[in-house]
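Undergrad: Letter by letter, the chains look like this.
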Amino acid sequence: MNGLSARIDVSRGDFRLHVDIVAAAGRITAVLGPNGSGKTTLLHTLAGLQPVDAGRIEISGRVLDDPAESVFVPAEHRRTGLVFQDFLLFPHLSVQANVEFGPRSLGLPEPARRATEWLDRLDVADLAERRPSALSGGQAQRVALARALAADPDMLLLDEPMAALDASTRVEVRRELRRHLREFTGPTLLVTHDPLDALVLADDVVVLESGRVSQSGTTDDVGRRPATSYVATLMGANLLHAIAVDGLATCTDGTTVAIPDRALRGEVIVVIRPEAIVLHRTPPEGSARNVWPVRVVDVETHLDRSLVQVAGPPDLAVAVTAASTRDLGLAPGMQLWASAKALDLDAYPRSD
Amino acid sequence: MNGLSARIDVSRGDFRLHVDIVAAAGRITAVLGPNGSGKTTLLHTLAGLQPVDAGRIEISGRVLDDPAESVFVPAEHRRTGLVFQDFLLFPHLSVQANVEFGPRSLGLPEPARRATEWLDRLDVADLAERRPSALSGGQAQRVALARALAADPDMLLLDEPMAALDASTRVEVRRELRRHLREFTGPTLLVTHDPLDALVLADDVVVLESGRVSQSGTTDDVGRRPATSYVATLMGANLLHAIAVDGLATCTDGTTVAIPDRALRGEVIVVIRPEAIVLHRTPPEGSARNVWPVRVVDVETHLDRSLVQVAGPPDLAVAVTAASTRDLGLAPGMQLWASAKALDLDAYPRSD
Amino acid sequence: SGSSGADESTLTVSAAASLTESFTELATQFEADHPGTTVRLNFGGSSSLAEQVVSGAPVDVFASASRTTMDTVVEAGAAADDAPTFTTNSMTIAVPSANRANLTSIADLAKPGVRVAECAPEVPCGAAARKTLQNAGVTVTPVTLDPDVKTVLGRVAAGEVDAGLVYVTDIRTANVAAIPIPADVAATNEYAITVVKASPQQDLARQFVDFVAGPTGQQVLATYGFGTP
Amino acid sequence: MTGKRRTESTPWYLVVPGVVAIAFLGLPLLGLLLIAPWGDLLPELTSEEALQALRLSLITSLSATGLALVVGVPLAVLMSRTRWFAGPWVRALVTLPLVLPPVVGGVALLAAFGRNGIAGGPLYELAGVQLPFTTLAVVIAEAFVAMPFLVITVDGALRSADRRLEQAAATLGASRWTVFRRVTLPLIAPSIAAGAVLAWARALGEFGATLTFAGSFPGVTRTLPLAIYAALDVQRSQAIALSLVLVIVSAVILVSLRGQFLAGMRR
Amino acid sequence: MTGKRRTESTPWYLVVPGVVAIAFLGLPLLGLLLIAPWGDLLPELTSEEALQALRLSLITSLSATGLALVVGVPLAVLMSRTRWFAGPWVRALVTLPLVLPPVVGGVALLAAFGRNGIAGGPLYELAGVQLPFTTLAVVIAEAFVAMPFLVITVDGALRSADRRLEQAAATLGASRWTVFRRVTLPLIAPSIAAGAVLAWARALGEFGATLTFAGSFPGVTRTLPLAIYAALDVQRSQAIALSLVLVIVSAVILVSLRGQFLAGMRR
Ligand SMILES: Nc1ncnc2c1ncn2[C@@H]1O[C@H](COP(=O)(O)OP(=O)(O)OP(=O)(O)O)[C@@H](O)[C@H]1O
Ligand SMILES: Nc1ncnc2c1ncn2[C@@H]1O[C@H](COP(=O)(O)OP(=O)(O)OP(=O)(O)O)[C@@H](O)[C@H]1O
Ligand SMILES: [Mg+2]
Ligand SMILES: [Mg+2]
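Residue numbers (my numbering), protein chains in the order written: chain A, 1 to 352; chain X, 1001 to 1352; chain H, 2001 to 2229; chain C, 3001 to 3267; chain B, 4001 to 4267.
Simulated from the structure, these hints should not be mistaken for laboratory data.
Any given hint might turn out to be false.
If you want the footprint, here are the derived chain C segments under chain X, 3+ residues with CB under 8 Å [claimed, not checked]:
| id | region |
| --- | --- |
| 1 | 3163-3172 |
| 2 | 3191-3198 |
Here are the in silico distance ranges between beta carbons for each label pair [stated by the list, open to error]:
| id | chain 1 | residue 1 | chain 2 | residue 2 | range |
| --- | --- | --- | --- | --- | --- |
| 3 | B | Arg4083 | H | Ala2098 | 26 to 34 Å |
| 4 | A | Asp123 | C | Arg3181 | 40 to 48 Å |
| 5 | B | Arg4055 | C | Pro3088 | 50 to 58 Å |
| 6 | H | Gln2202 | C | Ser3047 | 30 to 38 Å |
| 7 | A | Asp123 | B | Ser4175 | 51 to 59 Å |
| 8 | X | Arg1350 | C | Pro3088 | 32 to 40 Å |
| 9 | X | Ala1054 | B | Val4015 | 28 to 36 Å |
| 10 | B | Arg4055 | A | Pro91 | 38 to 46 Å |
| 11 | A | Arg179 | B | Arg4083 | 43 to 51 Å |
| 12 | A | Ser11 | X | Ala1054 | 53 to 61 Å |
Computed from a predicted model, the values in this text were never measured in an experiment.
Even glycine gets a Cβ: it sits at the ideal position worked out from N, Cα and C.
Modelling step: build the complete structure from the supplied sequences, incorporating the hints.
TA: As structure tokens, then:
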């Protein structure tokens, strides 16, 4: 296969990471997952900072790590551009020297020019003479990104490369990154907590939960058909596990949901967008077939939109306009009815 | 005044922070700003880690720093709960001991119980016996937050307290924080890069740019009426500086924009939401009075929505549905027309 | 301190290191002659012992391997008497017991390739060595000029030098053999002894000094190679 | 197989000089073991004199290390944290005892604390106290030569420690003393341990300054190195046996300390 | 006014022991200055013998420091980075020369590198080379006693350094050698400097092992401390004058080194 293919079994303390990952060359794979799910561990293992206990790491046919064959290519021969979650800039070198470090180590031509170019692209060229200790958090992150990219890697491993960037810089860096990554011929793994980063930058998504892959696929597939509540929450949707019979899905919590596809049978996942749910003070009459009595748990007000958490069953996140919030007089503890049209929700077979 | 009032003039290397900040007790003030704009410097100065060169810091009538009066209250007597951008957990202490550190230092009753309680609330109680080096990034951040909150501070200074949290944890922590901060009687300053954090959590917003305050006010005001492009971008809107006469605003780049309020005169700011702009392959006919020829610079595709950057004048961000993207065959370099209804945009006097 | 009661008393004697064995034997005999008395012996380089005595160290008797060193104590007013010479010591040639350089006389020291150690000219044993070589009419370039005789002896014992100029009384270990020097050539050294002025037990100290200078003392010293003054 | 897969492999350009260093330090010790009079060792080990000297050496070297810790660590903290103490003069003052040949150090100690010394004089006149030739004098001499090792090691560690952790502690309401005790000290614990071992080892082997300042009286001031020196001319093999006692005792202590020492060093 | 506003103030519980430490180290030096024969100093300073000894001392102590650096730093790296060298035996081996009284150290060096020693014997038999009584022997003796200070200081620093920076360098394609040269070494530069100063100071003051192993011949092996010792018995004031030369030269070197030394220490 052209790209990365890895079977990894590795431990850190009590934690065990046990995953199969494939990342195609020229494509960007977003790695999502809750805190402590093993994303950083995965990247470090791929970069050669930790050998696998069992398994095999291969990139474009070249074996990087395989205990069975006694192969272990050390980090310095892997050409992986790793951006560390906490940057790890060299404190004794200037920003310029930090970025030149990779090109120099690899004997690339014109290291100084390369460094300047990357600092320029990430808009931190004016900090070239600074020591890392004199950088703000976001500046340090951009320098770390420049340092990894300047080393002209075969595979890019980015551990939350934009977490410390301010919102507008992030848009720019994301754009810059997208441009560069489009030219980049190797596989890219991008750890991020921002679903928008994943949606905008990534072609594929791998979701880790507790050291295992809980879902993977193209960004679209995962975005549209989340397989776990974690992914659904990430994508801003509600997810229910249910058994479907003749257009009626019975959830594990006992509620029934009318779903659009009558042909669907067996274990299914029902996804309801927060915008598709309507709240009522009195039991609604009309065409909506799904109506549940709920209690308001929490109201989060954004500019002209509120996100309301309600406890059912089912527990749901509901998006309402600022106007409805006022009209309904929404407050925690209130008893309401929630309705959702069968046609406005999505149901698909569970695939695991 | 009840709360924080600070006039700060302080330098770090070439950088100079020169701001007036007011933060009311019991309210949450979000501090926004680009990387390197001085947010961290501001928080450190308020915490007493750096004395002001000139100015005065006062909280509920108590002077914390004033060179003119030779007053400087050191950090340990300020009771400010500061969450550092890079956490700064004590590497030699367990998670539990880290969180107990504040209560113990201050002689608060039952430090162990307090610590456990906060670890519990932030959902990291099971990590209590770990050393910080054995935590993932997001776990470390939650512990740092717990440590600051457990010390029962008079003023909370949070430096990107959620940057490393995964999306779903962030929702929970945000909710937990909101609940706690609602009970909290002192002023809170919250540095964040996520406009959603600001919108959801904050009552007021202060925007720093290059060491100066570029805008401040309630969250709603700032959200609805951004004063600088930075704030507009942050809020996901387009901002144009213009001079208005009789319902027509002439921008600095020469374009004219029809605006809803004919009474508005003089320097104005025009804000256009990306959703309010429509793209056409041919010059549109119809009621939209604002039509500009533009060139596509960049297309970012989300799930069912694309964000298109176009170069004019004016330069705009345009939101279109996935369907339109396909229909229009959007690609960088394409020549199009952009239109926006006068009624669908916002114009208000510039206030500085 | 020096004394600890009427019956039990401790006499502290500081003596030059070269007196270690002879004085240990003498002390045992003195203790036998004076029941209830313990003699505590403190050996060291003469000049550092002298330095201690002058600085007020709790010492009752001081025996020096050098007249000059003793003179400094007398001049400093730390001696209770004029510190008579009580014995002498003369130069000899120490060689490793294997004697691989096949040395047989003092003249052999001048042969090329022979490594000789002697004391620095500033210290008594060095002065004596120089004088001895002069008397013999031999010109020797030593490889080292050591600060004390024990260092010279150590080098001979370790086989690092082929010969060393030391005192007769130093030839005591099995690793070292002596090549005698004719009496008219070998330089001698005077040993002096005194009661320390600050000693709280002048009588007992005086008795010890007299004992060493007396017939028993001289006899014991002679068995270790010392000469009579 | 796993050997090949270890991420750390030892590059030759480090192993070659490293092995040279080990040979360089190890050969003399090996030589000492070879020429050692093993037959004499057991009687020597249990002889009253050797035990007395050993006991005295352990007591004084540990006391000197304690003294060095109590005043040396604060000095190191001041040197790295305040402008005045960071000056070149304090630094020179701390380093100079290292260069003084021990015997001269002893002379200097006499000039300071002897009966006629600048501090010892008044002490004698007013209180009748004489330091030289007492066990306390041994402790002082050992502390004088050993303290600089501790101070320089700890000072270096403090300079490279992250001061921001101390700031974090201050924002949590910790007083300076609490910060010092619960953050600064634990963070540099490995270096304090290393410095204390250096100082202790130096104190244990100290000879010249002790001899000059404290004399060499069995049971009072004759530590093991002095006993070794005293034996060197007469009974060379006894001296070597005593040296072995010193080496073995230190080795046992160092190896048994190791667990705790390394624990402190781990981060 | 600004004084009051400084964020760092010096707490008394550090200042009191700190000042005690300074007095403790400073009084003997002051005492030495007071009893110094200032009149003799100038002639002494310019006497051929003193200059010769000083020159020899500087050359040998710097060579010994160089030798210690070249083999000691790699050893420290191995000790902190590989399992084998991190064992208790290597650690004990490195620490033991510290406890050996210098004279015994000299005996041990003879047993290893002397004419009849385990390494020196073959050397003499096969190549006719004899180390003792040469200037090289002085360097060896000084390096033997000084190297442990360097190794222990550097090892400690390496243990507390952040190894993840080395990992970061490796992911950027840096070979082990590049990582060592451009990351590891610069990061611990302050500790290497501190260790080198300790080792140099110890080498400069070294006396016992040098005397025993190398002898004491003017111009060849008689370093300044040996000259001082030789003079101590007979010409005490000359000895003190020579000691002052040593102290002053070291002070001048330390103070002038300071700038660079501290620069290395700054983070
Ligand atoms: N040295 C260690 N000892 C024990 N457990 C460890 C160690 N290092 C990491 N862990 C645990 O391994 C798990 C995975 O950590 P990892 O850093 O890979 O998570 P992550 O997915 O990157 O999380 P985050 O989003 O918070 O950065 C976590 O639960 C963490 O607590
Ligand atoms: N020690 C220093 N010397 C010189 N300049 C410094 C120093 N420390 C910080 N700066 C500069 O001060 C400015 C403000 O830094 P600060 O950390 O307050 O920014 P920030 O707003 O927190 O940014 P970020 O969002 O990236 O964390 C930055 O431009 C930074 O480069
Ligand atoms: Mg991580
Ligand atoms: Mg910041």
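Undergrad: Determine for every hint whether it applies to the structure shown.
TA: Right, here's what the structure says about each hint:
no.: 1; hint: 3163-3172; result: holds (count 8)
no.: 2; hint: 3191-3198; result: violated (count 0)
no.: 3; hint: Arg4083/B with Ala2098/H: 26 to 34 Å; result: 46 Å, violated
no.: 4; hint: Asp123/A with Arg3181/C: 40 to 48 Å; result: 45 Å, holds
no.: 5; hint: Arg4055/B with Pro3088/C: 50 to 58 Å; result: 25 Å, violated
no.: 6; hint: Gln2202/H with Ser3047/C: 30 to 38 Å; result: 34 Å, holds
no.: 7; hint: Asp123/A with Ser4175/B: 51 to 59 Å; result: 32 Å, violated
no.: 8; hint: Arg1350/X with Pro3088/C: 32 to 40 Å; result: 58 Å, violated
no.: 9; hint: Ala1054/X with Val4015/B: 28 to 36 Å; result: 31 Å, holds
no.: 10; hint: Arg4055/B with Pro91/A: 38 to 46 Å; result: 40 Å, holds
no.: 11; hint: Arg179/A with Arg4083/B: 43 to 51 Å; result: 46 Å, holds
no.: 12; hint: Ser11/A with Ala1054/X: 53 to 61 Å; result: 55 Å, holds
In this structure, the earlier hints numbered 2, 3, 5, 7 and 8 are contradicted, and the remaining ones agree with it.
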